[in-house]
Amino acid sequence: MKTILFVCTGNTCRSPMAQELLLRYLQEQGDNCPLQEYQVLSAGLFTREGLLASDEAVMVLAGENIDLGRHRSRQLNETLVHEADYILTMSVTQRNYLKNMFPDLENIETIKQFAAGQPGDIRDPFGEGIEAYRQCLQELKLLIPHIAMRIFEQEEP
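With this note's numbering, you'll find the sequence shown wraps up at 160, consecutive numbering, no jumps.
Hints are computed from structural coordinates only; laboratory data are not their basis. Treat the hints loosely; a few may be bogus.
[Claimed, not checked] List of simulated lysine-lysine pairs, DSS-like, C-alpha gap at most 30 Å:
no.: 1; residue 1: K102; residue 2: K144
no.: 2; residue 1: K5; residue 2: K144
no.: 3; residue 1: K5; residue 2: K102
[Unchecked claim] If you anchor each label on the Cβ, the simulated ranges turn out as follows:
no.: 4; residue 1: R51; residue 2: E156; range: 29 to 39 Å
no.: 5; residue 1: A65; residue 2: L108; range: 29 to 39 Å
no.: 6; residue 1: N103; residue 2: G66; range: 33 to 43 Å
no.: 7; residue 1: N110; residue 2: Q78; range: 18 to 28 Å
no.: 8; residue 1: F155; residue 2: R51; range: 32 to 42 Å
no.: 9; residue 1: G120; residue 2: K144; range: 14 to 24 Å
no.: 10; residue 1: D127; residue 2: M104; range: 14 to 24 Å
no.: 11; residue 1: G33; residue 2: G53; range: 26 to 36 Å
no.: 12; residue 1: R51; residue 2: R126; range: 16 to 26 Å
no.: 13; residue 1: D58; residue 2: R126; range: 12 to 22 Å
no.: 14; residue 1: D127; residue 2: E52; range: 12 to 22 Å
no.: 15; residue 1: H149; residue 2: Q42; range: 15 to 25 Å
no.: 16; residue 1: G120; residue 2: N99; range: 13 to 23 Å
no.: 17; residue 1: D58; residue 2: E156; range: 30 to 40 Å
These figures come from a predicted structure and were not determined experimentally. We put the CB at the ideal spot given by N, CA and C, even for glycine.
Start from the sequences, fold in the hints, and give me the full structure.
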């Protein structure tokens, strides 16, 4: 089984939102979607295991009928990194950090670069209020179909 791993700082906002949005997108594509067999995970670079998703992340995803209430943060570790086929970070700084830690890996990109060939970050909404979370959600929703398409294109024989 192939793995897509979203990475952010604390694994309480951006990466779990991206994880759940991609899982929903793949589910909506139906059984014929070639990416149905993918495992979609998220983790944080600097977090503690077991933290709840931020209240605002839970609220904005609830508006999409996605339950983030059961999410618990996960610390990124070497096993997750080496088992992932695609590692998508929320920022250039996170990508650079991982590339320095794992210089031999070529599967680490920012989510924006991977999805749309654009430089830049998904801004961290933590502590910025509900509107920042809504903006983050909208940005991720625009990128998710492009992520699925890009992976599908790379996996075609």
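Tested hints:
1. K102 with K144: Measuring from Cα to Cα gives roughly 26 Å; hence the hint holds.
2. K5 with K144: holds (22 Å)
3. K5 with K102: holds (20 Å)
4. R51 with E156: 29 to 39 Å: holds (37 Å)
5. A65 with L108: 29 to 39 Å: holds (35 Å)
6. N103 with G66: 33 to 43 Å: holds (37 Å)
7. N110 with Q78: 18 to 28 Å: At 20 Å between Cβs, range holds.
8. F155 with R51: 32 to 42 Å: holds (35 Å)
9. G120 with K144: 14 to 24 Å: holds (18 Å)
10. D127 with M104: 14 to 24 Å: holds (20 Å)
11. G33 with G53: 26 to 36 Å: At 34 Å between Cβs, range holds.
12. R51 with R126: 16 to 26 Å: About 23 Å separates the Cβ atoms of R51 and R126, which means 16 to 26 Å holds.
13. D58 with R126: 12 to 22 Å: holds (18 Å)
14. D127 with E52: 12 to 22 Å: Given range 12 to 22 Å: holds, Cβ gap about 20 Å.
15. H149 with Q42: 15 to 25 Å: holds (20 Å)
16. G120 with N99: 13 to 23 Å: About 18 Å separates the Cβ atoms of G120 and N99, which means 13 to 23 Å holds.
17. D58 with E156: 30 to 40 Å: Roughly 37 Å apart at Cβ, these two residues keep to the hinted range, so it holds.
Hint compliance for this structure: no hint is broken.
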